[in-house]
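Q: Chains as they are written, first to last, in our numbering: chain G, 1 to 651; chain E, 652 to 751; chain Z, 752 to 917; chain P, 918 to 1327.
Hint data in this document are derived by calculation from the structure and do not stem from the laboratory.
Keep in mind that the hints are not guaranteed to be accurate.
Computed spacing ranges between beta-carbons, pair by pair [claimed, not checked]:
| id | chain 1 | residue 1 | chain 2 | residue 2 | range |
| --- | --- | --- | --- | --- | --- |
| 1 | Z | T843 | G | I636 | 26 to 36 Å |
| 2 | P | E1107 | Z | F900 | 55 to 65 Å |
| 3 | G | S604 | Z | T843 | 40 to 50 Å |
| 4 | E | I730 | P | I934 | 15 to 25 Å |
| 5 | E | G705 | P | I934 | 33 to 43 Å |
| 6 | E | I730 | G | I600 | 34 to 44 Å |
| 7 | E | G705 | G | S604 | 50 to 60 Å |
| 8 | Z | S889 | P | S919 | 31 to 41 Å |
| 9 | Z | F900 | G | W639 | 35 to 45 Å |
| 10 | Z | F895 | P | V1249 | 35 to 45 Å |
| 11 | Z | F895 | P | G1098 | 41 to 51 Å |
| 12 | P | V938 | Z | F900 | 15 to 25 Å |
All residues carry an ideal CB built from backbone N, CA and C; glycine is no exception.
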Amino acid sequence: MRPILENLWIIPLLPLLGCALNGLLGAKWPKKTVDAVALGSTGLSFVLAIEAVREFLGFYDSNHHAFVKPFFDWIVAGNFRAGFDLQMDQLTVVMVLVVTGVGFLIHIYSTGYMAHEGGYYRFFSYLNLFMFFMLILVLAANFALLFVGWEGVGLCSYLLIGFYFLRKTATNAGNKAFIVNRIGDFGFMLGMFLLFRTFHSLDFAVVFDATSKLPREAMGQFGTLTIASLLLFMGATGKSAQIPLYVWLPDAMEGPTPVSALIHAATMVTAGVYMVARSHVLFTHAPTAMYVVAIVGCATAFFAATIGLVQSDIKKVLAYSTVSQLGYMFLGCGVGAFGAGIFHLMTHAFFKALLFLAAGSVIHAMGGEQDMWGMGGLAPKIKVTFWCMLFGTIAIAGFPPFAAFFSKDSILFSAYNYEHSGKALYTIGLLAAVMTSFYMFRLIWLTFFTEKRYDEHHVHVHESPSNMTVPLMILAFLSLTGGCFALPALFGGKDYFAEFLAPVFGAAEAAGGEAGQSLEHTLSIVAVVAAAIGLLVAWRMYAKKVQRRPSQGLHKVLYNKYYVDELYQAVFVGPLVWLSRIVFWKVVDVTLIDGTVNGIASGSRAVGDTVRRTQSGNTRSYAVWVLVGAIVVLAIIFWPILHPALFGEVR
Amino acid sequence: MVPTNYYLILSAILFGLGIVGFVFKRNIIAIFMAIELMLNAVNLAFVAFSQSFGKVDGEVFVLFVIVVAAAEATVGLGIIILTARNRRSLNVERVDLLKL
Amino acid sequence: MTGALVIFFVLAALAVVGSISLIVQREPIHSALSLIVVMVALAGLYLLMGAEFVAAVQIIVYGGAIMVLFVFVIMLLNAGEEERTNFSKLATFAGIPLALAVTGFIAAAIAHSSASLPAPEPSGALTSTKTLSMLLFSDFVYPFELTSFLILVAILGAIVLAQREN
Amino acid sequence: MSLLTQYAFLIVPIVKIAILVFIVLTVDAYLTWIERKVVAHIQSRWGPHRVGPHGLLQPLADGVKFIFKEDPLPANVDKVAYFLAPFLALMLALTSLAVIPFGPQRFTVLGYQTGIGIADVDISLLVLFSITALAVYGVALAGWASNNKYSLLGGLRSSAQMISYELALTLSVVGVLLVAGSFSLREIIEHQANGHLGLLGWNIFGFTKDGVGFTQIIGFFCFYIAAIAETNRVPFDLPEAESELVAGFHTEYASMKFAMFFIAEYTSMITISCLATILFFGGWLSPFPASWTFTHYVPSLLLIPLGLWVIFDGMRYETIFGRIVLPGVGTVLVAIGAGLIVFPVVNEAIQGVFWFLAKVFTFLFIYVWMRGTLPRFRYDQLMSFGWKFLLPVSIANVVLTSAVVLWRMH
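Turn these sequences into a full structure, and let the hints steer you where they fit.
A: Here it is, written out as C-alpha cells:
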C-alpha cells in the first residue's frame, strides 16, 4: 500500500497548481496569500516526496528494482511511444529530496528577500513552475519526458533571469542563457534521435538494458554509443555551463539572488550532471565519451576557478565557483565515479545555495551593492549571515569535516585512479581546489573584514529578517553534516552514500584494497593542505589593508574572463548577426519573401487592370461570356465523344 | 412513328435560337423569354428521351423544370419591374451601373 | 405512320418559326405571343409523344401562368418597341458564331449518340398520369418537397420585391 | 363509301363540331335574350318585347346589327394583337366545349366509335383547364392592343384577376379529382352514379354506395365563385366595369369583333355551367334513384304543360304575328312531350341529355340571377378575397378531402 508512490504525479503537480493559482489570480492577492500558496504547494510536495521516498525504500526492499509507473500516453506515433511515465530509484530519491528540500528553503528565503520587489506573485509563480519542471526532469522515466522538464527549467530560468525585464542587461542575459542552451539542447535532441533510431525507444529501462547487452566500445572508437553519449553530453554542457557553453551562467546572475541560488547553483545547472549520471550505462559503454567528459569537466573546473580569482562582483565569484564545481562533478562522472559526482552535486547544492543566499543577505544588507570593493567590515553588523557564509566557505574549500571535503575528495581520488592520464586530471583538479579556497576566502575577507569601503550615511547595514536567516542556518547545518554519509569511508568503513547509490551505478567505484585505503588518506591530506594554501595566500593578500589596484597583465586577462565573450561575439555572434542582417533579412526576407508577396499583389492588380475591361457592365457582353464558358464546358464534356480515336470508343 | 432524333435535333435548334435571343435581344423581358425558350428546348429533349427509353423519369424532370421556371419567373419579373421603375428603361445596355 | 410525322413537322415548323419570330420581333408583346405559340406547339409535340400530362401542365403553367405573368408585366411597364442599341461590340461580333458553336456541339453530340438510342415506344403507349404521379411521390418525393419549398421562397421573394419601402 | 369510313376519324368530328357550334351559338343568342328578360323583370321592367313576340327575335336583330355595323380601326393600335384578341377569345371559348360529354351514350358512326360530345380524352379536365388558362390572353391582348387607357386597365385587371382566381378554380376541383381518381369527365360522372341514392351520390353530397360520404360543397362554392370570376361576370366583372372603364377591354371594339367577345363570354358561361354540372352535380345522372323508372316521364311532364301555357299565352298576344307563332311553338313543345311518351326508346335516349341540359340551364339562370342581384366588387376587395379567402379555403378543402380519402383507403 503505497498511496503516494502509486500517484507519483502528485508531487510535481502541486507546484504546478501553485504556479497556476499565483499566476492567474495572484495579481489581486495580498502577499500573505501568495506566500501561503507558493510555500504550501512546495512544502507539501516536499513532505510528500519524503513519504514517497519512504514508500520507495520499502518497495525496493521487497523487489529489487526501480519503481516505474506509466500514468498516461503522451505521444504515440507508429511504434514510438513517449508516455508520461514517472520512475523512482535511489538517484531520483537524492535529486527529489534535494530539489524539493532546497527549493522549499529558498522559497521561504524568497518571501523575505523579494518582499519589497514588484511582481511578487509573478516571481513565485515562476519559481513554482520551475519546481514543477525540475521534478518532471528528475522523475521522468524516459528521455522525452526528461527533455520536457529539461526545456521547462530552461524556460523558467529564462523567465527568472529576465525577471527585472525593465533592465536591458537582464533581458539580454535571459536571451543569452536561452540561446546558448538551445545549442546544447540541439545536441541533446540529436542524441535522443540517435538513441531512438538505435533502440526504437526512449524509455530508460529499454535503452539501458539494450545498451548493457552491447559490447563496450574501445577507447578512441567512435561508435553509435559514443556519438550518442557525446551528443547527450553536449546538452549537458549547455545546461550545466561547461566549456564551451558556460558563458551564460555568470550573466545569469542578473536574476534575483534566490533564483541564482535555486536554479543557477543548486538544481537546474546540475541537471546535466544528473542526466549524465542517469545515462551512466551509455557512458560506461563509451569510454571515449567518458574521457571527453572528464577532460571537459576538469578543464572547466580549473578555468572557471582562474576567472573566479579576480572577480569583484560577489555573485560573479560565486557563479564562477559554481561553474568550477560543476566541472568537478563532471570530472567525477567522467572518471566513472558517478556516485561521487552525485554526492558532490548534493553537497554542492547545500553549500552553494547557502553561499548564494548568504550573498543575497549581504546584498540585502548593503541595499543592493554587489561589488566587494564597495563592502568590507560587515562581520560585526550581520553576524548570522557572516557565520553562515563562513560555514559555506569552509565547506566549499574542502576542510574536514565539512561536506565538500568528502565529495571533492572522493572525486579527486577517483580521478587519481583513472586509467587514462588520471594523474594529470588529479593535478589540475587539485590546483582548482587551491584556487577555490583562495577566491572564497578572498571573498570572506573583502566582504566581512578589512575597513569599510562604503558610505555609512547612505547605506544602513542591517541583519536580514528571520525568514531569510533561518534557511541560512538550516543550510549551514546541512553543509556541515552533508558529507557525513561518507565519513566512515575515511576510516576503512564503508561509504553509505555510495552504498545507497550502488543499486543504480553498481559497485563500480570504491577502488578498495588496503593500498587504496592508504592512498585515500594521503590524497585527502594533500587536499586539506591545498585548501590551507589557498586560505593562507588569501590571508596574506587581503587580511591587511587593501586597495583596488588597476588591473593589468594576466590579472586583466582573467578579470575579462579571457575575453571569451568577446571571442564568441567576434567568431559566432558577429558573423551570425551579419549573416542574418545581410542575407536573411535583406536578401531572403526583403527581396525574396516580400518580393514574392508584393509581386503577387502587383501581379494580380495588373491582371485585374487588364481583365476588368470585361466588366463592361453590359449584360449582353456578359451573356457572351456565359456562352464562352458554356462552350468550354461542352468541349470538356464532349471531347471524348467527338474524338473517340483519342479516348477509345465511349459506350 | 417519329424517331427520337428528330425531337432532339428540334430541341437543339430551339436551344440555339434561345441562345441567339439571349445574346441579341436588348429588352430584358425578351431576354428572359429567350431563357424560357431554352428551358423549353431542354424539356423537349427530356420528354423525347423519356419516351425513347420508355421511362417516366424524364417527364418528372420536366415537371421540376417547369416548377423552377415558374419560381424563376416570379422573382425575375419582380426584379425586372423594380429595375424598370428605377432605371426608366428596359434596355439592358442602358442598365450598366455594374461597370468598373 | 406518316400521320404522326406530318403532325410532328407541322408542330416543329410552328415552334421554330415561333422562336425565330420571338427573336426578330421588336415589340415585347409580339415576342411573348410567339413564345406562347412555341409553347403550345411543344405541348402538341408532348401529346404526340404520349406525354399528355406534361403537355397539359406545359400549357396550364407555362402558357396559362408564366406567360400571362410576362404579358402582364409587359402591359404594366408599358414596354414599347425595343431600341436596337449596339453598345456591346462583343455581342455584335462574337454572338452569332458562339451560338452556332454551342448548337453545333449539341447537334454533334446528338448525331453521335443517336445510334445508341433505343427505338421509341410505339405510339399509343401513353405514359399514364398514374405512373407519373407514382414515381413523383415515391422516388422523387424529396425533390418534390424541395420544389414546394422553392416556390414558397419565390413567393416570399416576390412579395419582398413588390412592397414599396416605407 | 369506303372513303367515308376510311376518313371517318376526320369527318365525324367535323360534323359534330359543326352541329355543336350551331347549337352553342343559338343558345348564346337566346341566352342574351333570357338575360335581358330576367334582369328586366328583376328590375320590374319589360325588357325586349318589340322584335317578335316577347322580343323572341331580338337576338337575330342583334346579330344582324353586329354584322352590318361599321368596324372602325382606332389610331395606331397594335394591329396583330388587335385582330388576334377576339379570335383568340372566341376560339378558346368554343374549343373548351369540345371535351365536354353531354350524354352517356356511345355509338358508332361509319365504324367510328364516338359519343355525345366531340372528343372523349381521358384527361379531358386537364385539357379544359389548359384551354381556360389560355382564355386570359384574349382579354389581356385586347386591352393592350387597343391603345386606350381604359382598355389597358381592363386588360390588366382581367389578367390579374384570372391569374388569381385560376388557382382557386383548379384547387377547388382537386377534391373531386381525389374522390373520383380520374381526369376524365366521363369517369368522374360515372363515379357519381349511385343507383339507390340518386342525387345523394353527386359530389355535392358525396355519398358513396355504402352510404358514408364526404361532401364537396366547400369545393363547389370555391369552384363556382372562382368560375364566375374567370368568366368576368358580375359581381367580378371589373374588366368591363361600365361605370369605371367605359366598357373595359373591349371599349375599342365594334361590330363583329365585339360580338366575338360577347359570344366568347356567354360560351364560357356555358362551359363553366357544364363543368359545375359534371363535377359536382352528377352530369347527366338523374337526381332520382334508378329504381324509380316513372321519373323518366319528367321531361314530358315539363314540356307538355310548358307547351300548353305557351299556346294559351299566344292566344291572347296583341300582335298577329305572335298569335300565329307562339301557339305553333307551344304545339311543337307539346308534340315533343307527347312523342317522348309514345316512343319510350327515344325517351330513354334523351334522359341523360335532358338532365344535363336542365342542370346547365339552372346554372346559367343563376348567373343571370346574380347579375341582377349583386353589386360589383372593388378591385382590392376582389384581390384580397381571391388570395386571402378563396385560395386558403380551397387548399383546406384539398387537405380535408385527401385526409378522408386516405381514411377510406384504410
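Q: Each hint: holds or not?
A: To see whether the hints hold, each was checked on the structure:
no.	hint	in the structure
1	Z:T843 <-> G:I636: 26 to 36 Å	holds, 28 Å
2	P:E1107 <-> Z:F900: 55 to 65 Å	violated, 38 Å
3	G:S604 <-> Z:T843: 40 to 50 Å	violated, 31 Å
4	E:I730 <-> P:I934: 15 to 25 Å	violated, 45 Å
5	E:G705 <-> P:I934: 33 to 43 Å	holds, 35 Å
6	E:I730 <-> G:I600: 34 to 44 Å	holds, 37 Å
7	E:G705 <-> G:S604: 50 to 60 Å	holds, 54 Å
8	Z:S889 <-> P:S919: 31 to 41 Å	violated, 49 Å
9	Z:F900 <-> G:W639: 35 to 45 Å	holds, 37 Å
10	Z:F895 <-> P:V1249: 35 to 45 Å	violated, 58 Å
11	Z:F895 <-> P:G1098: 41 to 51 Å	violated, 20 Å
12	P:V938 <-> Z:F900: 15 to 25 Å	violated, 46 Å
When held up to the earlier numbered hints, the structure conflicts with 2, 3, 4, 8, 10, 11 and 12 and fits the remainder.
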